[in-house]
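Trainee: Given the coordinates of chain E, assemble chain Y onto it according to the supplied hints.
2 protein chains.
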Amino acid sequence: MIERAELVSTGAELLSGRSVNTHARLLGERLRAVGIELVRDTTVPDGLAVIRDAVAAALQRVELVFVSGGLGPTVDDLTRDALAELLGCGIVTDAAALAEMTERMERAGRVMNAARRRQALVVEGAEVLLNRVGAAPGQRLTTADGKTVFLLPGPPNEFRYILGEYIEPWLRREQAGAGALRERLLLTQGIGESDIVQRFELAGFPPDGVMTAYCAGAGRVEVRLEPAGPEVADAVLDAAAEEAARLLVPYVYARERVALEDVIGRLLAERGQTLATAESCTGGMIGARLTAVPGSSVYYWGGVVAYADAVKAALLGVDEAVLRQEGAVSEPVAAQMADGVRQRLGADYGVSVTGIAGPGGGSAEKPVGLVYVGVADAAGVQVERFVYPGDRESIREATSRAALALLYRRLVS
Amino acid sequence: MIERAELVSTGAELLSGRSVNTHARLLGERLRAVGIELVRDTTVPDGLAVIRDAVAAALQRVELVFVSGGLGPTVDDLTRDALAELLGCGIVTDAAALAEMTERMERAGRVMNAARRRQALVVEGAEVLLNRVGAAPGQRLTTADGKTVFLLPGPPNEFRYILGEYIEPWLRREQAGAGALRERLLLTQGIGESDIVQRFELAGFPPDGVMTAYCAGAGRVEVRLEPAGPEVADAVLDAAAEEAARLLVPYVYARERVALEDVIGRLLAERGQTLATAESCTGGMIGARLTAVPGSSVYYWGGVVAYADAVKAALLGVDEAVLRQEGAVSEPVAAQMADGVRQRLGADYGVSVTGIAGPGGGSAEKPVGLVYVGVADAAGVQVERFVYPGDRESIREATSRAALALLYRRLVS
Chain E
-15 MIERAELVST GAELLSGRSV NTHARLLGER LRAVGIELVR DTTVPDGLAV
35 IRDAVAAALQ RVELVFVSGG LGPTVDDLTR DALAELLGCG IVTDAAALAE
85 MTERMERAGR VMNAARRRQA LVVEGAEVLL NRVGAAPGQR LTTADGKTVF
135 LLPGPPNEFR YILGEYIEPW LRREQAGAGA LRERLLLTQG IGESDIVQRF
185 ELAGFPPDGV MTAYCAGAGR VEVRLEPAGP EVADAVLDAA AEEAARLLVP
235 YVYARERVAL EDVIGRLLAE RGQTLATAES CTGGMIGARL TAVPGSSVYY
285 WGGVVAYADA VKAALLGVDE AVLRQEGAVS EPVAAQMADG VRQRLGADYG
335 VSVTGIAGPG GGSAEKPVGL VYVGVADAAG VQVERFVYPG DRESIREATS
385 RAALALLYRR LVS
Chain Y
-15 MIERAELVST GAELLSGRSV NTHARLLGER LRAVGIELVR DTTVPDGLAV
35 IRDAVAAALQ RVELVFVSGG LGPTVDDLTR DALAELLGCG IVTDAAALAE
85 MTERMERAGR VMNAARRRQA LVVEGAEVLL NRVGAAPGQR LTTADGKTVF
135 LLPGPPNEFR YILGEYIEPW LRREQAGAGA LRERLLLTQG IGESDIVQRF
185 ELAGFPPDGV MTAYCAGAGR VEVRLEPAGP EVADAVLDAA AEEAARLLVP
235 YVYARERVAL EDVIGRLLAE RGQTLATAES CTGGMIGARL TAVPGSSVYY
285 WGGVVAYADA VKAALLGVDE AVLRQEGAVS EPVAAQMADG VRQRLGADYG
335 VSVTGIAGPG GGSAEKPVGL VYVGVADAAG VQVERFVYPG DRESIREATS
385 RAALALLYRR LVS
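So the sequence lines, in the order shown, correspond to chains E and Y.
Taken in order, the first sequence gives residues -15 to 397; the numbers are from my numbering.
Taken in order, the second sequence gives residues -15 to 397; the numbers are from my numbering.
So that you can see chain E by itself, here it is in the shape it has in the complex (with noise of 0.2 Å):
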């Protein structure tokens, strides 16, 4: 059974500002399903020495160790290298990776050449693990004492495809009967995390045996409860979840780990209702957001992008007057904006946001960060002021947010 697993990340380009590395979320994420905990991510430059070294202090803390990166074509990829010196073996072309890179390249009318073919190199004795998305392949090496490596491509879509593929089939055999780690989630919006404490302090919350975890973000608060030892019952943890769900009224939106969008697309697909978005500011987030959810056609029907004053007038029926006298930044436009996007769409609910993100366009009475979300459904209209700090980006984000914490709450209500 294995409990801690440490992830090396390997790429100058996660180090000098072009890349964000999306590994150790989406590892540590599936790691947590089958009771192991991610402990922590190295992320290092593409070099041998620092990738060898780095592999080698994360096996002298844990028993399994991912790397991720470094198994492209061109000399800056060294992780092979790395790997094959660390452990004391030779690097070996693969038939069945040459194989199959050969014949996706044929299929898509490139040719294979020295550098490509360089990435169906291996480790000695590795398993391979074929990548069907992308060209190197994963592999699964083990140490002399046992312990196991897995090698990872670093594109991120590679990465899931070799994790998913491969090595979550292999977990759940090795962790057999370990079970997901014992904890139970509140996911809050609305209240912020120092007044959750107070609740919970004001009420002599948690009762013993119960350990509090929080992680604020993304306009949200995250409440873990978990036992604190494995004598803790499950019954113990479950009174506790309901308690903690009492006090945070009403401010809990799950009590699993699910994006606000995904709670919002079940709710409305149960009803069978329909969904439009008018944004401003935003530019289509909102948009990109409800339909990363698979099966979302179901319930949303689309929307308008109405950055410019000419598209709120002319696609969702604003009135021009108001746009002038009120401008595009206020409660009217944002209530009509909602109001005519769910009526020319012909859907159940209409949200829009208008707002500044800056950075320029701001004033003293409509500063940078003044944003208006609003939601309208057949019993009318209702708009929510708000004004954000931040730079473009987090105000950007933290609208998208209001809007669907504002969709949210209409549901409910």
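Don't take each hint at face value.
Stated by the list, open to error - Chain Y side only, calculated, beta carbon under 10 Å to chain E, not exhaustive:
no., residue
1, T6
2, G19
3, E21
4, L22
5, T27
6, R102
7, F189
8, T258
9, A260
10, G267
11, I270
12, T275
13, A294
14, G374
15, R380
To be verified - From chain E, some residues computed to sit far from chain Y (all C-beta separations above 12 Å):
no., residue
16, D78
17, A128
18, M269
I should point out that these hints are in silico values taken from the structure, not numbers from a laboratory.
The structure displayed is predicted, hence computed values, not measured ones.
Think of the CB as a built atom: it goes at the ideal place given N, C-alpha and C, for glycine as much as any other residue.
Mentor: Relative to chain E, chain Y alone:
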């Protein structure tokens, strides 16, 4: 002069599947601009000993260390304590930080409580970096041997604020005269990494004194030319960059690290031309990317998220007979969407996408991953067909990129 720095990212949420660590990318980018290389990011959970040891290890290797997260109000926020222990200092309440937080809270109609007050605690002797977009301030600490440790809050917008407001000015002062790392960039799209390598090899590129490095991902390959040593003149790098650009015609779209949407935005703004989008399977992702660029309202009119077929017909004028006969994911529908949105929004260019992002909805004839992207202007409509591998997320990402790439080629053709 500082040459290398490390980041220690703290927070169980970064390893358990809840959050992506975006700090390394941002920090790495900003450090490069002042000639400092970020050489490692160690992500660890919330734990006093593990944070203390990770920072200590980093201070063994480099003279500048950044620590993110763990400055919040709850008992699992332990970065202050870890640093105090490491440096042998106490922890004190900072009056200015407390006053700032109290005032911000009062303005927001919230009250100061014991948990929130914890966020005004700093390591004794720290320079306090007031946080005007969140609660806990940043801190600058100096070790006994003159090394520097910056503590930054974990929420990305607060991290960005403290970095931009205090740390970058400090770095520029420290690094006065250091200059940025010397490199020449070529951003390419539409050509694979190994094809680039082969073109270079055939041409005997690079010349002496110049080294190449590659970063592939997100549908593009970045080629970086670096001097082999300090004696290599800038003119040698410049000449090599020109040669590389010639060898890679027509795939180079930028010579600096910019997103394609920035390049497109500049072209449109220079020419006084405008753009509208019609998105189906991407659900707004293209609009979201275009509007992430400050000032995009000058050239981006907006668009239609035509998720349901009825919206394609009603808002974009797609022929319902064609929708029935050819299906929504087809060449003629992509063409009509691009031209429809261009005409209805009165823009110079219309961009469209329609495809099957999966996991459901595929067939033998129209598999998951089949995508059509279109660009329309006054001269006509151009549509390209792709079949992307991978899951829903990567198909949607690839589709967004393909649409922007097609538009870019149309703009420069």
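Trainee: Evaluate each hint against the coordinates.
Mentor: Comparing the hints with the structure gives:
1. T6: OK, holds: T6(Y) within 10 Å of chain E, min 5 Å.
2. G19: violated (12 Å)
3. E21: Hint holds; E21(Y) Cβ to chain E Cβ min 8 Å, cut 10 Å.
4. L22: Where the cut-off is 10 Å and the nearest Cβ of chain E is about 4 Å from L22(Y), the hint holds.
5. T27: With a closest approach of 4 Å, the T27(Y) hint holds.
6. R102: holds (8 Å)
7. F189: violated (14 Å)
8. T258: At 8 Å from the nearest chain E Cβ, T258(Y) passes the 10 Å test, so the hint holds.
9. A260: holds (8 Å)
10. G267: The hint holds - G267(Y) has a Cβ within 10 Å of chain E, the shortest such distance being about 3 Å.
11. I270: Nearest chain E Cβ about 7 Å off; hint holds.
12. T275: holds (3 Å)
13. A294: Hint holds; A294(Y) Cβ to chain E Cβ min 7 Å, cut 10 Å.
14. G374: G374(Y) check passes; min Cβ-Cβ to chain E is 4 Å, inside 10 Å.
15. R380: Where the cut-off is 10 Å and the nearest Cβ of chain E is about 7 Å from R380(Y), the hint holds.
16. D78: holds (17 Å)
17. A128: The claim stands: A128(E) keeps its Cβ more than 12 Å from every Cβ of chain Y (closest is about 26 Å).
18. M269: violated (4 Å)
Violated hints, listed in ascending order, are 2, 7 and 18; each of the other numbered hints is respected by the structure.
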